[in-house]
Amino acid sequence: MAGEPKVVTTTGERPGILTSPLTMFQRVYNHRRLVRHFVRRDLKITYHGTMIGWGWTMVEPLALTAVYWIVFSLLRGQDDSLFVLEILLGVLTYGMFSRTFTGTTTAIVGNSGLIKQVAISREVFLWAIGGFQTLRFLLSSLIIPPVLLIMGVEMTWTILLVPLVPLGVQSLAMGLGMVTSILHTHVRDTSHVVSILVTAGFFLSGVFFGMRHIPEEHHDMFALNPVATYIELMRALVTGNWEVLEPIYVIQAVGISVAILILGSIVFVRNEAKAVKHL
Amino acid sequence: MDENAIELSSVTLDFPVKGGAKYLKEQITGRFRKEKGRTTFRALESVNLKIPRGEILGIVGPNGAGKSTILRTMAGIYRPDHGTVRTRGRCVLLAGIGTGFQSNLNGRENIRLNGSIMGLSDTEITAKMDDIIGFSEIESHIEQPIRTYSMGMKARLGFAIAAHLEPEILLIDEVMAVGDAAFQKKCKERIREMVSGDTTVAIVSHNMNTVKTFCDRAICIHEGLIHTSGTGVEAAIDAYLRILSEEE
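Listed in order, the protein sequences are those of chains A and B.
Residue numbering for the first sequence follows this note's numbering, beginning at 3 and increasing consecutively.
Residue numbering for the second sequence follows this note's numbering, beginning at 93 and increasing consecutively.
These are calculated hints, taken from the structure and not from any lab test.
Each hint should be verified, as a subset may be incorrect.
[Claimed, not checked] Here are the computed distance ranges between Cβ atoms for each label pair:
1. A/16 / B/146: 53 to 59 Å
2. B/277 / A/144: 25 to 31 Å
3. A/215 / B/104: 58 to 64 Å
4. A/7 / B/236: 35 to 41 Å
5. A/281 / B/215: 31 to 37 Å
6. B/274 / A/281: 31 to 37 Å
7. A/16 / B/140: 20 to 26 Å
8. B/196 / A/7: 35 to 41 Å
[What the hints assert, rightly or not] Below 30 Å or equal to it, Euclidean Cα-Cα: the simulated DSS-like pairs (lysine-lysine) are:
9. B/142 / A/46
10. A/279 / B/142
11. A/118 / B/277
12. A/8 / A/118
13. B/220 / B/280
14. B/277 / A/46
[Unchecked claim] Away from chain A, derived, C-beta distances all over 10 Å, residues of chain B:
15. 181
16. 185
17. 188
18. 204
19. 234
20. 260
21. 276
22. 278
23. 299
24. 305
25. 330
26. 340
Positions of the beta carbon are idealized from the N, C-alpha and C atoms, including for glycine.
Given these sequences and hints, build the entire structure.
Given below as structure tokens:
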């Protein structure tokens, strides 16, 4: 026998501030299958028709690293053998952050056609972007062991913890994206502002320099930028060198990221219904 | 026992005027100009409507009256500013057939993605796959990327997916005219099948013959207000024609 039909009641009342984060996670959990479909779709269409397919997830960061290495080693006369590896890890981490942040910012406006035709949770679009970029990062990370081998850098067990880095990075990127995706429906300039911020962030987050390159008295301030800390964390996990990265910096970055994710989910859940009317 | 499939109680819905100020300059200048204090447009005003289970309701009215908005409010796409919308059972909106198709994915992959967007489980999609392909009449192209399809083929595939959703509540927004004459006939037969059972249906249409043929009852909506109620479809059609003649 078929079960009772599902009763859905919709009112103008917005979810409460305290319950909003829970509401978001509940909606995403209920639509996890759809998130998976979107991630699979993005993975297929992003590399559709290319000769090396997913191989681009590895070639792209390697090529970028080569460009930055040439430019910055020429500019700074850098002779550090670990410099290439540091840049590569910075490119991988910052690439995931920037693509997720810019992608989630335009997620609602970019899917307006679908949003106006089908009643699905709008969070799904943001989480699908987060999921796809995480997967892309994990695929890209497969180049790290061969690079270490080629460079003759000893591998440590902590490299196995690299897949945990996206948890922090994506919490931050998606939390920010949840706020900017709502703003973007009201003010379309938001995506351009985010683009500028992401470019500025690239130079401020230590992609092509490390914490060890700046004076120790500035480390506390530098670590206030969670992305910079995550890039340092990646470097420490891969090389096993924990000399400059204090555990408190990591705790601080995770704390900021989680707080921003919670704040972002509150802003998103309480405002998405109104935002849809601006599409 | 409550037999209403859809209930709208005092539903009011406002939209930002002209979609709101989308660019920063408009936001700033708009704030100082104030636009005579009017920043919203009332799309629905204190709408009360009950649609019993199994009823086929026609919604008529001039352009911009609020017909599609009321349908989207029932579907849960728009949340009312005031009032309550209550639906009982899986609710599907047929509008913009094929929305969400990905041009680089093939027909089969798009059925899977679109079916999932429309709320079907993976098992349901697998079970219905052959029927959907057969109904769409594009078997020979199903493994090709959808970018190679004609508009008619995309519309047929879109309708075929929608026609296999088996919802308890079906909301139709002017999607009867898909494909050629033969396929349109097939669509109408399929919709007739879908509405013949317990399914509750609301149809928005400008075609009075469609409303007369399919509907048990109709309402006329104008400027966000329901202008008619009661039984039958004639009163709503008369009200609609009266509004049109007054506007001319």
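Checking the smallest CB distance to chain A, is residue 204 of chain B really beyond 10 Å?
At roughly 7 Å from the nearest Cβ of chain A, residue 204 of chain B sits no farther out than 10 Å, so the non-interface label is violated.
Lying within 25 to 31 Å: is that true of the beta-carbon distance residue 277 of chain B to residue 144 of chain A?
54 Å, violated
Okay, residue 16 of chain A versus residue 146 of chain B on CB: inside 53 to 59 Å?
Violated: the Cβ-Cβ distance is about 34 Å, outside 53 to 59 Å.
Hint says 31 to 37 Å; check whether the CB-CB distance for residue 274 of chain B and residue 281 of chain A agrees.
Check passed, 36 Å falls within 31 to 37 Å.
Just want to verify: residue 278 of chain B was marked as not at the interface with chain A; is every Cβ pair farther apart than 10 Å?
22 Å, holds
Confirm or reject the statement that residue 185 of chain B sits farther than 10 Å, beta carbon to beta carbon, from all of chain A.
7 Å, violated
10 Å Cβ clearance of residue 340 of chain B from chain A
Correct as stated: the minimum Cβ-Cβ distance to chain A is 30 Å, above 10 Å.
Taking the CB of residue 16 of chain A and the CB of residue 140 of chain B, does the distance hold inside 20 to 26 Å?
23 Å, holds
Status of the stated non-contact between residue 305 of chain B and chain A (beta carbon gap over 10 Å):
25 Å, holds
Residue 277 of chain B paired with residue 46 of chain A [C-alpha distance capped at 30 Å]:
It is violated: about 36 Å lies between the C-alpha atoms, which goes past 30 Å.
Given the hinted pair residue 279 of chain A and residue 142 of chain B, is their Cα-Cα distance within 30 Å?
Within the cut-off at roughly 25 Å; holds.
Given the hint of 35 to 41 Å, check if residue 7 of chain A and residue 236 of chain B actually sit that far apart at their C-beta atoms.
38 Å, holds
Checked against the numbered hints above, the structure violates hints 1, 2, 9, 14, 15, 16, 17, 18, 20; every other hint is satisfied.
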